[in-house]
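Colleague: Sequence:
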Amino acid sequence: MSGDKINPRVDVAFKKIFGVEENKDLLISLINAVVGEEDQVVDLTLLNPYNHKNFKNDKLSILDIKAEGNHGRKFNIEIQITDEGDYDKRALYYWAKLYTDQLKAAEDYSLLEKVIGIHILNFTSISKSKKYHNVFHITEKETGLSYFDDLELHTIELKKFTDAV
1121 MSGDKINPRV DVAFKKIFGV EENKDLLISL INAVVGEEDQ VVDLTLLNPY NHKNFKNDKL
1181 SILDIKAEGN HGRKFNIEIQ ITDEGDYDKR ALYYWAKLYT DQLKAAEDYS LLEKVIGIHI
1241 LNFTSISKSK KYHNVFHITE KETGLSYFDD LELHTIELKK FTDAV
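Quick note on the working numbering: the sequence shown kicks off at 1121 and runs consecutively.
There's no promise every hint is true.
[To be verified] Calculated cross-link-like contacts (lysine-lysine; reagent style DSS-like; alpha-carbon spacing at most 25 Å): (1) Lys1144 with Lys1234; (2) Lys1135 with Lys1209; (3) Lys1261 with Lys1251; (4) Lys1279 with Lys1136; (5) Lys1144 with Lys1125; (6) Lys1250 with Lys1209; (7) Lys1279 with Lys1125; (8) Lys1279 with Lys1250; (9) Lys1135 with Lys1217; (10) Lys1248 with Lys1209; (11) Lys1217 with Lys1144; (12) Lys1248 with Lys1279; (13) Lys1135 with Lys1234; (14) Lys1261 with Lys1209; (15) Lys1135 with Lys1279; (16) Lys1224 with Lys1234; (17) Lys1251 with Lys1279; (18) Lys1261 with Lys1234; (19) Lys1125 with Lys1135; (20) Lys1248 with Lys1261; (21) Lys1234 with Lys1217; (22) Lys1250 with Lys1261; (23) Lys1209 with Lys1234; (24) Lys1136 with Lys1217; (25) Lys1125 with Lys1136; (26) Lys1251 with Lys1209; (27) Lys1209 with Lys1279.
Hints are computed from structural coordinates only; laboratory data are not their basis.
Turn these sequences into a full structure, and let the hints steer you where they fit.
Modeller: In structure tokens, the structure reads:
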């Protein structure tokens, strides 16, 4: 067993490397390597990765890593080895859950913070793009106007990265 290599792309290893308090600096470095300057973090708090169910029949989702940056922004970091289909929908679902879970009854919408999803994929998910790192926002179709700034989804497709190097 000694000498066996640990694959950081496996969920358990990824969470052990980036999702534990003693390695918080590694997670901060990962986030800062991916996001833009305005979303850089100097500190963060690891959050419970379970997205609570509001109703008995709601789907339980467990994120790989959920964190809150020093500026209040929320982060969901996922590693996915195999393409199980519909990853685009899963990424949006995780984002929406993290976004909507921020408010409690009677709280003002102004309290909502930006949620950033970072999805590291070991497969090609976006065949229409040759880039290995794509950043998605909601924009107006014709003008490209960005009005909804609280949504940001990053996909990092490792297969494309390997091909590019």
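Colleague: Work down the list of hints and note, for each, if the structure agrees.
Modeller: How the hints compare with the structure:
no., hint, in the structure
1, Lys1144 with Lys1234, "holds, 20 Å"
2, Lys1135 with Lys1209, "holds, 22 Å"
3, Lys1261 with Lys1251, "holds, 21 Å"
4, Lys1279 with Lys1136, "holds, 23 Å"
5, Lys1144 with Lys1125, "holds, 22 Å"
6, Lys1250 with Lys1209, "holds, 21 Å"
7, Lys1279 with Lys1125, "holds, 20 Å"
8, Lys1279 with Lys1250, "holds, 11 Å"
9, Lys1135 with Lys1217, "holds, 20 Å"
10, Lys1248 with Lys1209, "holds, 17 Å"
11, Lys1217 with Lys1144, "holds, 23 Å"
12, Lys1248 with Lys1279, "holds, 14 Å"
13, Lys1135 with Lys1234, "holds, 23 Å"
14, Lys1261 with Lys1209, "holds, 20 Å"
15, Lys1135 with Lys1279, "holds, 21 Å"
16, Lys1224 with Lys1234, "holds, 16 Å"
17, Lys1251 with Lys1279, "holds, 11 Å"
18, Lys1261 with Lys1234, "holds, 21 Å"
19, Lys1125 with Lys1135, "holds, 16 Å"
20, Lys1248 with Lys1261, "holds, 17 Å"
21, Lys1234 with Lys1217, "holds, 13 Å"
22, Lys1250 with Lys1261, "holds, 21 Å"
23, Lys1209 with Lys1234, "holds, 19 Å"
24, Lys1136 with Lys1217, "holds, 24 Å"
25, Lys1125 with Lys1136, "holds, 14 Å"
26, Lys1251 with Lys1209, "holds, 20 Å"
27, Lys1209 with Lys1279, "holds, 20 Å"
Of the hints listed earlier, there is not a single one the structure fails to meet.
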